[in-house]
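Using the hints, position chain B against chain A.
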Amino acid sequence: MSDLGSQRLKGRVALVSGGLRGIGLACVERFLAEGAEVVLTDLEAEDGTLVGETLGRLGQAASYVRANVTSEEDWEAVLDAVTRRHGKLHILVNNAGIDLTGPIAETSLEGWRRIMSINVDGVFLGVRTFVPLMAASGAEVAGGASIINVSSIMGLVGLSEVSGYNASKGAVRLFTKSIALEFAEKKMPIRANSLHPGFVVTPLLKEGFQRWVDKGVAEKPQDLVDLMSSRTPIGRLADPSELASAAFFLASSDSSYMTGAELVIDGGWTAQ
Amino acid sequence: MKRLEGKVALVTGGTSGIGAGAVHRLRAEGAKVVFTGSNRSAADEVCAATGAEFVSHNVRDGAAWDALSERIERDHGRLDFAFANAGTEHGDGSVEDITLDGWENVIGVNQTGAMLTVQHAMRLMSRNPGGAAGSILVNSSMNAHRAMGNFVAYSVSKAAVVALVKSAAVHAGNRKYRIRVNAILPGVVETALIRNLIDTSGDPTATRAAYEGLSPLGRMARVEEIAGLVAWFASDESQFVSGSEYVIDGASTAGMMGV
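Protein sequence lines, in the order shown, are assigned to chains A and B. Residue numbers 0 to 271, in numbering that gives the first Met the number 0, belong to the letters of the first sequence in order. Residue numbers 0 to 258, in numbering that gives the first Met the number 0, belong to the letters of the second sequence in order.
Only chain A is shown next, with the shape it has when bound in the complex (with noise of 0.2 Å):
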């Protein structure tokens, strides 16, 4: 039984990056149903059939705005829509996120760059943006206001050929304590962890594995699901809502403690 739709979050406002898909959709999803309000950026246009589609789902306490998180005009156009409409933010999720594999020696300076400005600098100017903000809406609600980077297992451990994306990845495992601690000193209440999910089944997921898929590596990306499985302690791969319930945790009162911490949600894959 979870504490799905404990109200714990009501009257607070939320943003996600990267809401549309994946762990982020699922953390929108379940801050809605315990109370909170929540605005999702991501790069769809604003009248696309993907975001019709989901605001309908959504409801009324969800908001869309279009945002590309590199961008610094772009995050500052969100915190416009999120002054306007709320006010105040108590939580900030920054997913957003792609992945880049290959061997060095062929990859790119280009996409180099692109991941970094994506996994790395999308994190720092959401938190950069919303750090005023965040310390005045946190200081109105128990524990404070909550950052939730979301990182990797590869921000903890590295892989062959995932270069580019273990470097931003652990760069973010790394911003989060510092801000953490800057908050902490300075008083400011704001709370900021990372989370390391495993292997989760999201859209990103099975485009990475379908590349896999077509550079020969697997048959089909069934069996690089299952193949991941067999080598992952609790048998499966995880559930976006299973990363959504850590965030749920980070996000409430509950966690009122944690600042600077890691939150490694892998089924035991980094303990073997």
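These are calculated hints, taken from the structure and not from any lab test. Watch out, some of these pointers could steer you wrong.
Unchecked claim - Just the calculated beta-carbon pair ranges, DEER-fashion:
#1 A/V200 / B/R126: 24 to 32 Å
#2 A/E72 / B/K1: 40 to 48 Å
#3 A/P102 / B/E72: 52 to 60 Å
#4 B/A146 / A/A141: 27 to 35 Å
#5 B/G217 / A/R56: 37 to 45 Å
#6 A/A135 / B/G217: 19 to 27 Å
Quick caveat, the model's predicted, so the values are computed rather than measured. For every residue, glycine included, the Cβ atom is placed at its ideal position computed from N, Cα and C.
Here is chain B on its own, set in the frame of chain A:
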């Protein structure tokens, strides 16, 4: 419906501190709770306040574990959550000064006691009706990663139990059990034990400030703040988490100690 309704939980060292806080929170969320310890009068208070069930029990005693396991299986028919919390610093010292008795006492309770808790919990959970499933949580400490010079056995034992949960998590996977095993690593928590250390230190103001200063938040944790994480691990919310160590220390170990 409460989050832990229908679940049976075991908490070792539940008569005071984080353990008692965990008993309160697990009961409030609907779990049936059996807790252990040696302080009967403190246990009576926890029972009266929460409706939990107390068993006088020493975590280092293998025969006592067999009896406790039989009792849980007979009375409740299952075990869903175990919190290996019992711990001590009694007899500890620096590596240069600690006595062998002191070392064996701390290692016996904190390390061997935790292993016996995980072992018996896993055996019980492997026989749960509906299949092998459950959640086992060990109370480590931030000292697993940042050692104290004057508490060698405590520091060693808290690091050891992190390896314990990883080994147990991998084993559960090998056996195809749906049993997850994790550790929490709290910072300094303002328990009665810590308050007593402060009050009897000779300079309570300075001692309190020293404890509070270990966290950049400038305060110790409240017992309730740790109990919230314990309850999360007891719930189905943590179903994909295994072999993990969750630090909950107000950023005490996020940076360089002493800066």
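Unsatisfied constraints (hint numbers, rising): Going through the list in order, the structure violates no hint and respects every one.
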